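*Asks:* Model the placement of chain G on the given structure of chain V, informed by the hints.
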Amino acid sequence: MNLGNNPNSKEIAKDRIKKIIVSDRVQCTPEVLELIKHDLLHTVSKYIKVDKEKFYVTILTGNSATGSPATIYASIPIEEVTGK
Amino acid sequence: MGEVIVVTSGKGGVGKTTATANIGTGLARLGKRVIVIDTDIGLRNLDVVMGLENRIIYNLIDVLEGTCRLKQAVIRDKRIENLYLLPSAQTKDKTCIEPEQMKKLADDLKDKFDYVIIDCPAGIEHGFKNAIAGATRALVVTTPEISAIRDADRIMGLLEDNGFKNIKLLINRIRPELIRSGDMMSVDDVVDILALELIGVIPDDVSIVISTNRGEPLAGDGSVPGTAFMNISRRITGEDVPLMNLQKKNGIFARIKSAIKS
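Residue numbers (this note's numbering), protein chains in the order written: chain V, 786 to 869; chain G, 1284 to 1545.
No lab work stands behind these hints, which were simulated from the structure alone. It should be emphasised that the depicted structure is a prediction, and the values quoted were computed from it without experimental measurement. Cβ atoms here follow ideal geometry from the backbone N, Cα and C, with glycine treated the same way. Any given hint could turn out to be false.
In silico contact screen, one side only, chain G against chain V (beta carbon under 10 Å); selected entries [stated by the list, open to error]:
1) Ile1429
2) Arg1433
3) Asp1436
4) Gly1440
5) Leu1461
6) Ser1464
7) Met1468
8) Asp1472
9) Asp1475
10) Leu1477
So here's chain V without its partners, still in its complex pose (with noise of 0.2 Å):
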């Protein structure tokens, strides 16, 4: 993806709304989930190898109707165990 000088206007609204619909789930901005998927990665990678392309981490909605929490959701895919 390069955005160059002259970003095309679908990679700024790509952006701006994968932004808005993370701060429009929950009170956990976009930064903040960043650094968390950061740090998750780091200390899993400590143990395990980690296929990176595929880890992701995003936020499931809550449900008020029935009290479960809105969630983070990580999806960590192991590439081999090196065993520490």
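*Replies:* Only chain G this time, still in chain V's reference frame:
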């Protein structure tokens, strides 16, 4: 036992009513017995899009208030076998009916029709709650624009909160030339952002405007948008139909195909 599907979006003007009319038409053309219901009280439009505005005598409110029998309000589309419309009221407003009434109506209609398609008004308040009350499946309509996507995400959340498990995405008003020039988000982009299973994609096409002018839904007429709507109707019945190639770039197929379950 029929299926009750609500067509919703949050955002107004993204094509719910056009989708309802055309998906209903498509299903009827597949031989299914279909009723489409306009729940936008006070701002009715499904009758106009279907070209049935001159045949309205009674409406949804009359039925729910007991002023008339269901049969008296339901309009049979004379051009398409097995297609019926229950129009909304143009006077009155959304607060005059309750979700429980809609649930009861949907349960009643399930016995009489293969598919009950409910056109939901824009918004997230009373009209929305009424429209989803009897439904078990939902189609979320969006365009590839930032406001529509934001509202679609909100609507998805509300649908999940209300127990909907079967929620599919319809992306309307795709303009392949803008996607190519980088000024419109692609189908892949929208699916990634909303993380919803795709039921279909409809191009922005003047023939859809013309079909509304004429009051003749175009599903199944052999045109590109007509075929796209027909394919959506097929997928709703469980058929596995690959997405049409609406743009020259072909990265679209592989990603999206996996999003379509049979």
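*Asks:* All the hints need checking, so say for each whether the structure fits it.
*Replies:* Here is how each hint holds up against the structure:
Checking Ile1429(G) against chain V: minimum C-beta separation of about 5 Å stays under 10 Å; hint holds. Residue-level restraint check for Arg1433(G) holds (minimum Cβ-Cβ distance to chain V is 6 Å; threshold 10 Å). Residue-level restraint check for Asp1436(G) holds (minimum Cβ-Cβ distance to chain V is 5 Å; threshold 10 Å). A cut of 10 Å between beta carbons decides the hint on Gly1440(G): the least distance to chain V is about 5 Å, and the hint holds.
At about 8 Å, the closest approach between the beta carbon of Leu1461(G) and any beta carbon in chain V falls short of 10 Å, and the interface hint on this residue holds. A cut of 10 Å between beta carbons decides the hint on Ser1464(G): the least distance to chain V is about 8 Å, and the hint holds. The criterion of a C-beta within 10 Å of any C-beta in chain V is met by Met1468(G), whose closest approach is roughly 5 Å, and the hint holds. With a cut of 10 Å, the hint placing Asp1472(G) at the interface with chain V holds, because the nearest CB-to-CB distance is about 6 Å.
For the restraint placing Asp1475(G) at the interface with chain V, the shortest Cβ-Cβ distance is roughly 9 Å, inside the 10 Å limit, so the hint holds. Taken as an interface hint, Leu1477(G) checks out: its beta carbon lies about 8 Å from the nearest beta carbon of chain V, inside 10 Å.
Consistency note: the structure conflicts with none of the earlier hints.
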